[in-house]
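**Q** Chains as they are written, first to last, in the numbering used here: chain A, 271 to 708; chain B, 77 to 463; chain C, 5 to 232.
No lab work stands behind these hints, which were simulated from the structure alone.
Errors might be hidden in some of the hints.
Okay, derived cross-link-like pairs now, DSBU-like style, lysine-lysine, Cα gap no bigger than 35 Å in a straight line [as the list claims (entries may be wrong)]: (1) B:K200 <-> B:K223; (2) A:K542 <-> A:K366; (3) B:K223 <-> A:K564; (4) C:K168 <-> C:K127; (5) A:K425 <-> B:K330; (6) B:K272 <-> B:K330; (7) B:K223 <-> B:K201; (8) B:K200 <-> A:K493; (9) A:K425 <-> B:K223; (10) A:K552 <-> A:K536; (11) B:K223 <-> A:K571; (12) A:K571 <-> B:K330; (13) A:K366 <-> A:K571; (14) C:K210 <-> C:K168; (15) B:K303 <-> A:K552; (16) B:K303 <-> A:K564; (17) B:K272 <-> A:K679; (18) C:K145 <-> B:K78.
FRET-style restraints, in silico, Cβ to Cβ [what the hints assert, rightly or not]: (19) B:S208 <-> A:D534: 42 to 52 Å; (20) B:A446 <-> A:V454: 47 to 57 Å; (21) B:D159 <-> A:V454: 45 to 55 Å; (22) B:I443 <-> A:V454: 21 to 31 Å; (23) A:A544 <-> B:L407: 49 to 59 Å; (24) C:D208 <-> A:T312: 53 to 63 Å; (25) C:S47 <-> A:V305: 49 to 59 Å.
Here are some of the chain C residues that sit facing chain B, going by a computed Cβ distance under 8 Å [unchecked claim]: (26) L63; (27) A66; (28) Q78; (29) L79; (30) A81; (31) R88.
Just so you know, even glycine gets a beta-carbon here, dropped at the ideal spot from N, CA and C.
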Amino acid sequence: MGVLRNLGLLLFLVVVMIGWVVLPWPGAALLALLVAAWLALTRRGRQSASVAVVGISTLRQRLGSSAVIVVGIAGVVGVLVALLSMAEGYAETLRKTGGLDTAIVMRGASASEVMSVMDRDSVTQVAQTAGIARDAKGEPLASPELVVAANLPIKGGTADDQGSVQLRGVGAQAWAVRPQVRIVEGRRFENGLRELIVGRGAARQFAGLVPGQEVRLGNQSWKVAGVFASGDALESEVWADAAVVADTYRRGSSRASVTVRLADPKDFAAFKTALEANPQLKVDVATTLDYFSKQSEGMTKVIRTVGMVVGSIMGIGALFGALNTMFAAVAARAREIATLRAIGFAGLPVVVAVMLETMLLALLGGVIGGFLAWGIFNGYQASTLAGGAVGKLDFELHVTPQLLWTGLKWALAIGFIGGLFPAMRAARMPVTAALREL
Amino acid sequence: MKYLHLVWAALFRRKTRTFLTLVSIIAAFLLFGLLDAVRASFEQAGQSANGAQRLQVGAKLSFIQALPSSLEAQIAQVPGVKDVTFANWFGGAYQDPHNQVFSFAVAPNYLDLYPEISVSGAEKKAFLATRSGALVGERLAQKFHWKVGDRIPMQSTIFPDREGNKNWTFDIVGILHSTDKKSGGFFDQMFLLNWKYFDDTTPYNQGQVGWYVTRVTDVKRTDAVAKAIDALSANSDHETRSQTEQAATANWLKQLADIGLIVSSIMGAVFFTLLLLAGNTMMQAVRERTSELAVMKTIGFSDVSMLAMVLAESVLLLLLGGVVGLGLATLLVPAIGAGSGGMLNLPTVGASSWALGAGLMVLFGVIVGAVPAASAMRLNIVDALRR
Amino acid sequence: MGSLIEIRDVSKLYLRGKQKVEVLHHIDLDIAEGDFLALMGPSGSGKTTLLNLIGGLDLPSAGSIVVGGQRIDQLGANALARWRASQVGFVFQFYNLMPTLSAQRNVELPLLLTKLSGVERRKRAAIALQLVGLADRATHKPTELSGGQQQRVSIARAIVSDPKLLVCDEPTGDLDRQSAEEVLTLLRALNRDHGKTILMVTHDPKAAEYANSTVELDKGTLVVREPA
């Protein structure tokens, strides 16, 4: 009988958890309202509420053990939200880099820009395909670009500490194709000269990227002309004239990709078909949004998985801490609970009251954890290997409301489970045995 | 330890409570085991006795630039250099451009500089004799179900053949085994092909070398040798940068993330909550036993011995949970690796993690038990008995 | 036989907040070796306090206490602990056994403070249990024993290191008639057959009958001594 009951309880728990996982926040708000209504309007509900109030009022006497639940859950939520915000910020930065109105064309079957090599002929043909927007002079807004890696000294390291930065050699139309890129310090590089402009993120990571200064690429000296900002992954790059880059890296006239601005975003499919139909070209076409979003997939998945695993293990720790505390609390108040039941309160109000108490503490923990994560990590600058690029991607951690809601969900779930079992025990405690201890 | 049974009995006085606390401790140290294994492997990557003898010589401009093959003879002449070999990044992918494979086109003597890679003599000979031969790391072969004698297609994401086709074909002639599991983890997943075959087949390489690897005669002089090698190409269009293998690896890993910081932060949060939890349990445990503690004192146990016994209890609690947690982590990692068929390769929990973990267990045991132990020590017999 | 215990001009006061409460006033008392003394008086008279002082659980505010030639009021906490371990055995009203240990282990407790080997300790504990008639309950935990049996285990624990003095605070206070008689008979036997000096606090005149002599305390001062 006891085994069946426990199995039934477990099943109930699994069902509730599954439902909870898929519940969006409006659903949860509705649920909360329903519960509040039940507490206020029904007889059993009012009983539960009064028992809960008594329990909560004695919380102050049990500050130590209550703190265990709150802090434990705050820790879980804090770490979970922090790690997920890393994944979020990373993916967002890459996502923002692309749009539906620009497309990138690379050699067929290339996993990323860096691996793609297109010869001059292919580049010209792509630029002349229909569907590309044109500027005032009737020139197609197409920027053939070369993407390579450059070794530069890392800021705060020794001269030998070098890191790799992605150097993009851009065509003349690059500015028109990517209007979000703007110079914030200094000026643009001059075509034909060994000059660079550096993204804000790159300037943060590497030493000496200050307008007016010179850096060494290999055995050649390049001048930093200015700093640009774009609010996306491009900020972690360093730009220069494609022809000069090709010369330095001995690439001749080949390029890695062509980025174009579409005449009409709705006609992307036609543009793609036109390119694929061309028998002389073997290229892959994608909107930049699509391309950059895909690049972030791998790393984002890794960070999210790490976050979930760490969060789960911490969650188990917090759960057992909550169980511990609530079992002790229930045992300590055995006499009160038995008295209530002797007076006439049914089992359900006792169960609900214990669970309300636990979930209230869990809610507090979740709010504190989320607040801490938001306060400490939102906007925090981080960088890691960029997906599909050869430099580091500079990005900001982003604690979104969605993430905070996820954290809160976890907190309440832990509170629910952590309160359920002690509550069941409280409800099933033999009344006479508990009273006899008086 | 004649007091052990006392401490043990006290610890398991309330079995449920102790069990629940133990699970939390186990969870904390399981996490610690997993994360510290990652941190330790990052720290130790590239550090090996064999690695200390090797210098990596690459283009100073960037790691994707190639170097001329004429440098080989020049480097061999530099005093302090015992051997020189070279390799090129092949950029291989199997069946899907996103299924990247760690593949290098290597010089005939490449394996001589990597004694930690073991391969049978016959297989090595077959590799040198077969133009399109390939040596495959053990785990890689397992992952794709390759056997010696298989003829497999492999794409290069970078280099096409003279017809512009990126599909290459290789004959698997041998399996590579890594003898140094700790720092040579990725040798198991390498794919080696003959440099000559590579250079002959693709028009894009033109006799260039991706990077050189040299072995020095005296590990204490690696810096001087590195400088001498770089001096060979100073002010040319192919300036080089030579570093020890350890420095090169550490450099690359630093780019990945500040793993140490992330791990420490997470574990800081985890252990903070753990200390609170276990501390609470110990406080409760001692508070419940004031009369028993008083009786021990009437029997003649000194105040200090009470302090010691409570501390022993909390340390034992942490040790029990910690050892099980770390043990779980140690067992789980290879299990995950095996279970995923070689897809997921997490670093294993090593001796350094265990040592650090043990130290933390004792330290936390003392911290958690400090206040309750002190109150047990200062317990006034008369007052306690009166309650 | 000479005096085992000499109490001279002993007073004890406690601080209750800002108030000083004198619980014992200028007590003078001699207890002969081998005596079985009952200490009686109404509640609040200070009998337990006096017992605690004689047993070395507390120190007097004034006066001297000599037990077996030793000035125990001058000993520090650690020295007192060592003294208690070898010289005194305690029996409490509520037994105060360790609930997590078996009867055997409970009795062995005081021997852990000696340098005896494990084998020796178990042997002596067995002898003590046999003496109190509970050899067959050696492996039982306190929860598996009746009140009277628990008290007898407690007595076994008190005598296992062969102290000269047994100090008992209301040993039969929590027992039914029959168990109380068993316990008191046991105490008397320990006194008569084994020469233990026993000091017993009780409010039950029937229990006091088992003792050789009685002393009464009232509001902190000795009132009656009989027989002299």
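**Q** So, for every hint listed, does it hold in this structure?
**A** Against the structure, the hints come out as follows:
no. : hint                          : in the structure
1   : B:K200 <-> B:K223             : holds (15 Å)
2   : A:K542 <-> A:K366             : holds (22 Å)
3   : B:K223 <-> A:K564             : holds (33 Å)
4   : C:K168 <-> C:K127             : holds (20 Å)
5   : A:K425 <-> B:K330             : holds (13 Å)
6   : B:K272 <-> B:K330             : holds (34 Å)
7   : B:K223 <-> B:K201             : holds (17 Å)
8   : B:K200 <-> A:K493             : violated (50 Å)
9   : A:K425 <-> B:K223             : violated (47 Å)
10  : A:K552 <-> A:K536             : holds (23 Å)
11  : B:K223 <-> A:K571             : holds (32 Å)
12  : A:K571 <-> B:K330             : holds (20 Å)
13  : A:K366 <-> A:K571             : holds (18 Å)
14  : C:K210 <-> C:K168             : holds (25 Å)
15  : B:K303 <-> A:K552             : violated (45 Å)
16  : B:K303 <-> A:K564             : violated (42 Å)
17  : B:K272 <-> A:K679             : violated (59 Å)
18  : C:K145 <-> B:K78              : holds (19 Å)
19  : B:S208 <-> A:D534: 42 to 52 Å : holds (49 Å)
20  : B:A446 <-> A:V454: 47 to 57 Å : holds (54 Å)
21  : B:D159 <-> A:V454: 45 to 55 Å : holds (51 Å)
22  : B:I443 <-> A:V454: 21 to 31 Å : violated (50 Å)
23  : A:A544 <-> B:L407: 49 to 59 Å : holds (58 Å)
24  : C:D208 <-> A:T312: 53 to 63 Å : holds (57 Å)
25  : C:S47 <-> A:V305: 49 to 59 Å  : holds (54 Å)
26  : L63                           : violated (10 Å)
27  : A66                           : violated (17 Å)
28  : Q78                           : violated (18 Å)
29  : L79                           : violated (12 Å)
30  : A81                           : holds (6 Å)
31  : R88                           : holds (4 Å)
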